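Colleague: Start from chain Z and add chain L according to the hints.
Respectively, the protein sequence lines represent chains Z and L. Residues 1 to 286 (this note's numbering) make up the first sequence, in order. Residues 287 to 384 (this note's numbering) make up the second sequence, in order.
Please note: incorrect hints may appear among the correct ones.
[What the hints assert, rightly or not] So the derived list for chain L, only partly shown, Cβ under 8 Å to chain Z, looks like this:
hint, residue
1, Phe302
2, Leu354
3, Ala365
Since the hints were derived computationally from the structure, they do not count as laboratory data. No experiment lies behind these values; they were computed from the predicted model shown. Just so it is clear, CB atoms sit at the ideal spot from N, CA and C, and this is done for glycine as well.
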Amino acid sequence: MHVGHLPIIDETVAEIALSHNSSHDEHYTPTYTSTGTPMGKVFMWLFLCQDALMFMGLFAAYISVRIGLGDVWPSPNNLHTPEHYPLDINLTAVNTFILICSSVTMVMAVQAARSETKKGIIKWLLFTALGGAIFLGVQVYEYRHLIGEDGMGMEKSLFDATFFGLTGFHGLHVFSGVIYLLCVTIATKLGHKEYSENGWIMTLERLGAFGITLYLWFGPLHKWPPLPHVLVSIVSGAVPYIMIRGIKWLRERPKALQGDDVEVVGLYWHFVDLIWIILFTLVYLI
Amino acid sequence: MEHSTTNHTKSYMKIFGALAVLTIVEVILSQSGMSHTPMVVLLIAFALVKAGLVAMYFMHLKYDAKFLSVIAYSPLIVASILIAMLALEWGFQPHWLF
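Only chain Z is shown next, with the shape it has when bound in the complex (with noise of 0.2 Å):
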């Protein structure tokens, strides 16, 4: 296995060492808890806690709807309704088995981090975006099957509504942690000296995360086409925090070499993971 030979991971960690033990260092914040967890890792789980709640709320309200509705709601083993069933379950599926490769991917890329191969980052951590950009496209392609073809919409029916709701809650969150991943691979390709020569970059960054959020945010105020309902109720969670985290993360470069904050950013790529394979059983299986 390729372990720590690397000059600049070598370099770097030498520096975070020294900075470690400095006393006289004025600037030293402590990355780990008492408990020996890192802060990041520690804060992650807390997000993605109180983040598990939000879904767990849309869940309790789908799963309450359809048990309400019964024989009504269109299933594909539902006697009534088999054929009203809009859902492509094999699309899905495939779209399912990508967002797995993807968590896989990342598991990769965090064990690259843990042997300190930077190369190693990048790759799997490009790869695992890539899966997040598929599933998106995916996503999109049967948004728009249903939408222009088979007229579904977030306002025609409670089925709609709660499916529109999901996925779109649970889509952003993957637009989201594309970016994110990103946002990662871009610090973890410069490195912490070309950084502070390159603040253009970190203030283009910055002015792309703020205008995408405020494009998301107040889109939908201004009559957009249907999406951007599905949008709005997402953006106002995920979606602020995770670039405010993709940007902090950019500024404290170096900490993240440790391997730290690529396991972070896994923690949270392997929930959205998590989370869809709930609601693939839930909306399209059963």
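Modeller: Chain L alone, transformed into the frame defined by chain Z:
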């Protein structure tokens, strides 16, 4: 500090295989025309197993500090309250939905 360079690749691949196989089984099961209730129970059980595998191995809950597991599982308490409340609703056969 957690700087273990343990190579988990093999176990990751095993988990990946398990997830893929379970997904295929789920899709086949959903289209098998099995009677509704046992199928729903099986599908939910499979989904929970898959979610558990992701949390335990990919998210490292199995190897990490226990208090992270406490944070991770705490939403389940709220979930059980939600389910209990929903169960009451089911008992009443709610008509307000129509």
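Colleague: Quick check on Phe302(L) please, does its C-beta sit within 8 Å of some C-beta on chain Z?
Modeller: This interface hint holds because 5 Å falls under the 8 Å limit.
Colleague: With a cut-off of 8 Å, does the beta carbon of Ala365(L) approach a beta carbon of chain Z closely enough for the hint to hold?
Modeller: holds (5 Å)
Colleague: Can the hint on Leu354(L) be confirmed by a CB-to-CB distance to chain Z that is less than 8 Å?
Modeller: holds (5 Å)
Checked against the numbered hints given earlier, the structure satisfies every one of them.
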